[in-house]
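A.B. asks: Just need the whole structure built from these sequences, with the hints factored in.
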Amino acid sequence: MVHMAVTSESAEVSLDREQYITAYKWMLLARVLEDKLASLYRAAKIHGGVYRGKGQEALSVSIGLSLQKGDVFAPLIRDQAGRLAFGESVLEAVRTYLGSPLGPMRAREGNVHRGRPRDGYLPMISHLGAMVSVVNGVLFARKLQGVNGTVGAACLGEGATSTGACHEALNQASVEKLPLVLVIANNGYAYSTPSSRQFACRNLVDRAIGYGIEGHSVDGTDLAACLKTLGIAVKRARSGQGPQMVVARLLRLCGHGDHDDAGYIDPKLKASPMGRDCLELAEDFILQQQWVEACTVTRWRNEALDKVEEAVATTQRDPLPDPYAEEWRAIASKHLTELRGAAQWETE
Amino acid sequence: MSVTYLEAIREAQARALADDPRVFIYGQDVGAFGGAFKATKNLANEYPGRVIDAPISEDAMVGAAIGAALQGMRPIIEMQFADFSTPGFNQIVNHAATMYWRTGVPCPITIRLPSGGTSGSGPFHSQSMEALYAHYPGLVVVTPATVEDAYSMLIEAVALDDPVIFCEHKYLYYHLKADALPTEAMPVGKARIAREGRDLTIVAYSAMVHEALAVAEEFAGEGWEIEVVDLRSIKPLDTDTVMASVARTGRLLAVGESWPWGGVTAEVVARVATEGFNLLDAAPQRLNAKDTPVPYHPTLWAVHRPTSRSIAAAARSVLRS
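First to last, the protein sequences are chains A and B. Per the working numbering, the first sequence runs over residues 5 to 352. Per the working numbering, the second sequence runs over residues 1396 to 1716.
No lab work stands behind these hints: they were computed from the structure. Among the hints, a few may not be true.
In silico lysine-lysine, DSS-like type, Cα no more than 30 Å apart, as pairs [unchecked claim]:
| hint | chain 1 | residue 1 | chain 2 | residue 2 |
| --- | --- | --- | --- | --- |
| 1 | A | Lys181 | B | Lys1436 |
| 2 | A | Lys147 | A | Lys239 |
| 3 | B | Lys1433 | A | Lys147 |
| 4 | B | Lys1572 | B | Lys1436 |
| 5 | B | Lys1436 | A | Lys147 |
| 6 | A | Lys311 | A | Lys40 |
| 7 | A | Lys274 | A | Lys29 |
| 8 | A | Lys147 | A | Lys73 |
| 9 | A | Lys29 | A | Lys58 |
| 10 | A | Lys239 | A | Lys73 |
| 11 | B | Lys1433 | A | Lys181 |
| 12 | A | Lys73 | A | Lys181 |
| 13 | A | Lys338 | B | Lys1585 |
C.D. replies: Written as structure tokens, this is what we have:
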């Protein structure tokens, strides 16, 4: 059934209390971590940019939590919550942002460009749309290897849907019937460009029909709806229903990066239901349900703060990257770089 | 029995598929059809499920190869023509080429580029792209000029832990024959003295090696002994062999089929000039295609790229200076 457009906005959501609270705690940790990164950025402690996912944590965490060990995850720049839920440590994130040689990218890459490919956690390149076919490739290889039952999730913003890479990869996933879940966070703006200048179709999820894949829409401010929709999409991909497209409607509650004051965002959008903060909504919901006392939420926040401060303190004691100890070698075939004539790889 | 350059490429892929279950081939029309040039003829039959037709999506083809390589496979990507690798350029130079350096995880992919001009092929089916790819860190770029190298270097390319740009020359596909497939091979990264001489070194690669050899033969009748160096690999570039040759001859002419701005011939001349200036008895020269798109008509094409005639003129000028 193509384009089933599972719309969780109005769906009866059967709530899993434990899952909701787990998700909330990852969202909270992501928010606290990114607030800290922003303050380090303002204090000029971070080289390059800081890219936050404020307002997108509900969607992001739902992706991370829907995946299992052995699945593949290609997050984008606003997926701190999903990264944590998928298994990234706070320390890995901080070490990459602060350029520690002990981080997973060894100071060769910074900020959101981090991952562990051997663990199915793919480090993004900056060229939007490029990660989707790479997720396809992992899934395709597993098919050739006879490995079944794993899913790959790739995350994009609505801006990246305008790239040829996105189109090629979706079509490829569809042709090969791969268990790909493409999550599109339609946050209204690609940097400063409003979605009206990005695409002219009624709803991005309609594009699923054209690719012959299943499409789902969800209110990205609603954690319960996101958990449910991503859960369904991942399950359908896992059970052999082919690629799934999830389009979430939400608003980025920060600049593109912390250098950007986002003055271009329409105040009417900010005041609309889309402009609500998913983290606050989730907290209100938890308290409203009387699942925990307010003081418990405060305790969770303090625990998150401690965890982040500890990671920052650890990283600040790390050595600096040493350009003279660095191995300036871009290829794995070391013997080729040891040829005398391979001057392009000589270190002096 | 004889084997063509094209058959050697087919045989190398057959052997890679036979020897290593991690190898698969992905590209347009490579399956039952056997490829636009038949470089994968019958391989889909012989290795079911491992020689796979791709949609016309070069970006996604290379992207998928990257993912497969990360998952432990050794994909061979066939670009239908080297010219069509540009839609996949981003994935090649920004993704495959950066993967090892960024993450420490190797990205073994072989990307076959049917390269170079053939009569009547025009601007978009004739390009030589080795210089473009060699410019980017993280890629190995090879340009086999012989049947033996087409075979052995393709097998080595698949075995290497890096993305390899395999530039196979379309003109050589049918024109070049050997008695048999090689049993021994020079490694990637070593240049070869294709003909010994003492008066002038011509450095060439791919199809230009054969044009240079024709010139050397012609000049032998006049008493000149021209040494021809076949680079084999563009990156890494075997400067040692080039320099040793120039030390013997004192004169250098670098010949390439691609465009004149920058590129392999410029790199060769720059290295010899900076590292071996005192070896030179005359100013080094380089000869490339003209700085226009590749023309369609045979009479234009024959003048656009270096040929034995224009190489002979350039060689004469270096020998006289």
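A.B. asks: Against the 30 Å threshold, does the CA-CA distance of lysine 1436 of chain B and lysine 147 of chain A hold or violate the hint?
C.D. replies: holds, 24 Å
A.B. asks: For the pair we were handed, lysine 147 of chain A and lysine 239 of chain A, check the Cα-Cα distance against 30 Å.
C.D. replies: holds, 18 Å
A.B. asks: Can the restraint linking lysine 73 of chain A and lysine 181 of chain A be considered satisfied, given a maximum Cα separation of 30 Å?
C.D. replies: Given pair lysine 73 of chain A, lysine 181 of chain A holds - Cα atoms ~21 Å apart, limit 30 Å.
A.B. asks: Please verify whether lysine 1572 of chain B and lysine 1436 of chain B have alpha carbons no more than 30 Å apart.
C.D. replies: Within the cut-off at roughly 18 Å; holds.
A.B. asks: Starting from lysine 1433 of chain B, check that the Cα of lysine 181 of chain A is at most 30 Å away, please.
C.D. replies: holds, 28 Å
A.B. asks: Measure nothing beyond the straight line between the CA atoms of lysine 311 of chain A and lysine 40 of chain A; if it is 30 Å or shorter, mark the hint as holding.
C.D. replies: The given pair, whose Cα atoms are some 11 Å apart, holds under the 30 Å limit.
A.B. asks: Holds or violated: are the alpha carbons of lysine 274 of chain A and lysine 29 of chain A at most 30 Å from each other?
C.D. replies: Distance ~25 Å between lysine 274 of chain A and lysine 29 of chain A Cα, so the pair holds.
A.B. asks: Between lysine 338 of chain A and lysine 1585 of chain B, is the straight-line Cα distance small enough, at 30 Å or below?
C.D. replies: holds, 15 Å
A.B. asks: Lysine 239 of chain A and lysine 73 of chain A: Cα distance at most 30 Å?
C.D. replies: This hinted pair holds, its Cα atoms lying about 14 Å apart.
A.B. asks: Holds or violated: are the alpha carbons of lysine 181 of chain A and lysine 1436 of chain B at most 30 Å from each other?
C.D. replies: Holds. Lysine 181 of chain A to lysine 1436 of chain B sits at ~26 Å (cutoff 30 Å).
A.B. asks: Lysine 147 of chain A and lysine 73 of chain A: Cα distance at most 30 Å?
C.D. replies: Distance of about 17 Å is within 30 Å: holds.
A.B. asks: Taking 30 Å as the top limit, are the C-alpha atoms of lysine 29 of chain A and lysine 58 of chain A close enough?
C.D. replies: holds, 15 Å
Of the numbered hints given earlier, the model fails none.
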